[in-house]
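With the hints as constraints, model all of the structure from the sequences given.
Just so you know, the sequences run in chain order A and B. Heads up, our numbering is the position in the first sequence plus 10, with the first residue counted as 1. Heads up, our numbering is the position in the second sequence plus 10, with the first residue counted as 1.
Derived by calculation from the structure, the hints in this document are not laboratory data. Check before you lean on any hint, since a few could be wrong.
Here are the simulated distance ranges between beta carbons [unchecked claim]:
hint, chain 1, residue 1, chain 2, residue 2, range
1, A, D259, B, V37, 47 to 53 angstroms
2, A, E136, B, D72, 56 to 62 angstroms
3, A, S213, B, A450, 42 to 48 angstroms
4, A, V102, B, G441, 47 to 53 angstroms
5, B, G326, A, V102, 41 to 47 angstroms
6, A, E413, B, K442, 30 to 36 angstroms
7, A, D259, B, D72, 39 to 45 angstroms
8, B, D165, A, V102, 14 to 20 angstroms
9, B, H364, A, K412, 56 to 62 angstroms
All figures in this text were calculated on a predicted structure; none of them were measured in a lab. For every residue, glycine included, the Cβ atom is placed at its ideal position computed from N, Cα and C.
There are 2 protein chains.
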Amino acid sequence: MNEQTKYVLDEAHLPEAWYNINADMPVPPQPVLNPQTLEPVTPEFLNVLFPMNLIGQEVSPDRWIEIPEPVREVYKLWRPTPLFRARRLELVLDTPAHIYYKYEGVSPVGSHKPNTAVPQAFYNKEAGTQALTTETGAGQWGSALAMACNFFDIDLEVYMVKVSYQQKPYRRVIMETYGAEVFPSPTEKTAVGRQILAQDANSPGSLGIAISEAVEVAATSGGTKKYSLGSVLNHVLLHQTVIGLEALDQMEMADEYPDMVIGCTGGGSNFAGLAYPFLHQNFTNGKSTRVIAVEPTSCPTLTRGHYTFDYGDTAGMAPIVKMHTLGRNFVPAGIHAGGLRYHGMSPSLSALVHNGDIEAQAVNQLATFEAAIQFAKAEGIVAAPESAHAIRVAIDEALHCKEAGDKKVILFNLSGHGHFDMGAYNDFLQGKLQDYEYPAEAVEAAMAQLPEIELA
Amino acid sequence: MNEQTKYVLDEAHLPEAWYNINADMPVPPQPVLNPQTLEPVTPEFLNVLFPMNLIGQEVSPDRWIEIPEPVREVYKLWRPTPLFRARRLELVLDTPAHIYYKYEGVSPVGSHKPNTAVPQAFYNKEAGTQALTTETGAGQWGSALAMACNFFDIDLEVYMVKVSYQQKPYRRVIMETYGAEVFPSPTEKTAVGRQILAQDANSPGSLGIAISEAVEVAATSGGTKKYSLGSVLNHVLLHQTVIGLEALDQMEMADEYPDMVIGCTGGGSNFAGLAYPFLHQNFTNGKSTRVIAVEPTSCPTLTRGHYTFDYGDTAGMAPIVKMHTLGRNFVPAGIHAGGLRYHGMSPSLSALVHNGDIEAQAVNQLATFEAAIQFAKAEGIVAAPESAHAIRVAIDEALHCKEAGDKKVILFNLSGHGHFDMGAYNDFLQGKLQDYEYPAEAVEAAMAQLPEIELA
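What follows is the structure, encoded as C-alpha cells:
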C-alpha cells in the first residue's frame, strides 16, 4: 500500500480551455427543432431562453473554447479536483485491475454541477441577464446554480419537484442560503403548473413539469429572465470537460492510461465531462479506450429508448432534439438517483452511442447501493446514488479483470458525495428498496407514443 | 483577483510525526484523578478504558510522535487538506487583512474528526482491541470513528444522544453505512441509562449521559471492549496537529505568517489541531501569533467557567481532570452547534488559557449564522455551525483591521462542512433561532455546584 493514492494538481494546472466535441463528431449534427413549427430553430428563438454567447457555444465548431478568467477564479475555490487510485478497493476485490476515480464531491455543493453553473451565470451576466429560472429534482443542480448566481449577482428562481421539496428540504435550504427563491413545482405561477394542478391538486411534480414551468417563466418574462439547464445541451457538456482534461493530466502523473472510462448518465453532463476528452484521444490520437455510460434500469434511456426526435420537456415547450428517449410522458420509478430520472439524453451522447463510440449499460438499484457501500467501506467516501451507478460498473469490470487475469486500467467519475442522500442509504440498509426493470411491453407502449417528427 | 487562492500539498508532504504540546507546556502538568479514590490515576486504571499505547501518548513528554505508516495511508484518502486564501471574503469585507482558512471538510465524513479516529482505531487494533464504544452528539465524531473502525476491522457501538438520533437521522445512517451499531442514549443497556430512564422515561439524553453509557459498557466488558473519546484528551489533540503542521507548510507557500490563529472550541480538538503547531513556534521560535479560541455564549466554558478539577462525564465515572468547566451537570441551551456543547474543556487548552498563552472569546448564535452565510456567499462553502464560530471571529478581526488600516494575516480552521446541518440554517433563515447568554446568577449557581476536589 505504500504507493501513491492521490494525484493533486495546483491551480496553475487548471485547464485554460474547455473541449468541444462538436469539432470531432464522427457523424453530422442533427438540427434542433422549434416545438411549434418543427422547423430548425433560429438563434432568435433560442435567445428567448438563452443568451447569445451560450447559443454560440451550443453550435460552435471550435475544438477549444477559452475559459474566461472570472470563471477560472471561481473554479479555483475547489478545482482542480483530486484523482484517486482506489488501492483499498482493488485489495478488497483482489483484482489485478487498477481502478482510478475522479472525485467531484469536493465542490462546495458536493457535486460536479458548479462546473457549468458558474460559466452559465458568468455568460448570462455578460449578456445583461438579471434573473435566471431553472428546475431541479433532488436539488444538486439548483444548489449549484444558486451558488453561481450569487457569485455573479443574478437573481434565481428554482422550480423544485414538489415531492423532493417536501421530502428533501436540505437542498432547498442550501439554495436559500445562497439567496435563491425556491418554489415547489407544480406551482400556481405558470399556465403549465395551473393546468396540472387543476387535473391533480396533489400532483407530486416531475422534472419534466418543472422544466416546463421554468421555461414558461423565462419565455413569458418579456426578456427580463433567461432560463438555465443543468445537463443535456452542448454548452453544458463542454463546460464539464474540465473534469476529463484534468484527469488526462493526472493519469499522466500516475503514468497510466485508462482502458475504460465510466460515468453515470442522466442527461449526460458528468459523463461527458470525464469521457469526452478521452474520446478526443480516441478520435484524434490513436487511443482506443472503452467509454461506458451507465444508467438505471428504471430509466433505460440509452439501452431501451429509441434514437429519434423528441421534446426536451413534458409540456412540449422546449426545443425538439434527436436523442435517445423514452418519451416525454415517461414517468420513471421513484428510485433514489434523482439525477438519472430524465426521459431523454444529450444529443451528442446519443449520437455517439448510436454510432458505436460509446457503450451503454443499465444497472439495478439494489446492486448499485451494494456497490456504493462496498466502495464506502473501502475508500471512505459515501457516494451520491447517481455516482454509485458508475461504481457498480467499475467494480463489475474489475471483477471481470480478476476472472480473466487482466490488468486493465479503469477510470470512473465519482460525480458527487451522498451526504444529502443518507435517507436513500437508510432505505437500502433497512431493506426498503427494490429493483425496477420495465417489462418489454411497457417500453414498447412508451415507444409507440413517441412523436413521429419529420424534418420540415 | 488573479492571484493564488488555494494552496495544495501532495501526499508526499503529509506530516510524518504529530506534534505533542506536552513537550513545550509553559506550566507543569496537573494530575489526572481516579473518580473513586481522588488519587492520581494509574495506567492500570486507565487501561480499563484505553489501550496502553494510547495511554503512553497521553502522558508522553516527546515533542514528536511518529505517525504509523498504516495511519498515513488512510490519511492520504483526504489529506493533506487545502489551505485557502479567502480573497472573495476579503473583497466583500473591504479589509486590508489577509484571511486564510484551512479546510477539513474534504474528509469523507466532512469534518476533522477522522484525524484522530483513524489512529485511535489503528492503535486499538495493534493492542488487540476487538470492539470500541463511544458517544456522539450530532454524529460528527461517531461517523468518523465508524469509518475508522471499519478500516481496521474493529466493531463499534455508538451511544448517540437520543434527541439527535431522532431529529438528525442522517449521521446515524452514515455510521450504519460503515457498519457501526448505533443506540439512542439513554438506553436500557447500562445501569446509568436505566437510572436516568427510571427518572424520566422521555429523557432526550445529553453528551454527558452518552459518555457515561459508553464508558460503562467498556469498563464492565471484562476487557473485551475499549472506549474512545473524540476530543479533550492529549492523544486526541496531538493527532489533530496534522492540521496545523500542514498549514505551516502552506502558509510558507503563500509566503506569509499568521498574526492570528482562530478555531472553535468544544472539547478543543480542532482548535488545538490548528493552533498548537503555531504555539510551538511562539514557544520555541520567537513568534508571537495571537491564538484565539472561540466558544458559544450558550456554553461559555473558557470565558465564564472555573479552572478547577471536575469529572469528564455526567455520572462521575470518567477520570477527573483540571480544566475549565461549567460543572458536569451543566445543560447547555439547545443551540445548533452540537459539537460545542460540552461542560468541560481539554486540560492542556485550559492550562494555556489560564496561563495567558491563548485568548478565549464567546460569540452568540445569531451572529455566528450571519457570519456563516456571509462566508458561504463569498467563498461558496457552507460551514458546519461549529466552524462558523471561528468564521465569526475571523470576520470580526478582519473588520477591526479595516477600521485600524491594519494589514494583519488571519488564519482560521474551517473544521467541517454543514451539509448535515441544513436544518439549522433553515431555522436561522426562518427566524426561529435565538441567542442564549446565561445571566451571571445562573453561571454563579452552576459554579457553586462544582466539586471541591483536594489532591489526595
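Each hint tested on the structure:
1. Checked against the given bound of 47 to 53 angstroms, the beta carbons of A/D259 and B/V37, roughly 51 angstroms apart, stay inside it.
2. Take A/E136 and B/D72: their Cβ atoms lie about 58 angstroms apart, and the range 56 to 62 angstroms holds.
3. A C-beta distance of roughly 56 angstroms is found between A/S213 and B/A450, which places it outside the suggested range of 42 to 48 angstroms.
4. About 48 angstroms separates the C-beta atoms of A/V102 and B/G441, a value consistent with the hinted range of 47 to 53 angstroms.
5. Restraint check, B/G326 to A/V102: a C-beta distance of roughly 44 angstroms satisfies the suggested window 41 to 47 angstroms.
6. In this structure the supplied range 30 to 36 angstroms is violated for A/E413 paired with B/K442, their Cβ-Cβ distance being about 57 angstroms.
7. Taking the beta carbon of each, A/D259 and B/D72 are about 41 angstroms apart, inside 39 to 45 angstroms as hinted.
8. For B/D165 and A/V102, the Cβ-Cβ distance of about 18 angstroms falls inside the hinted range of 14 to 20 angstroms, so the restraint holds.
9. The supplied range of 56 to 62 angstroms is met by B/H364 and A/K412, whose beta-carbon atoms lie about 59 angstroms from each other.
The structure fails hints 3 and 6 (numbered hints given earlier, in ascending order).
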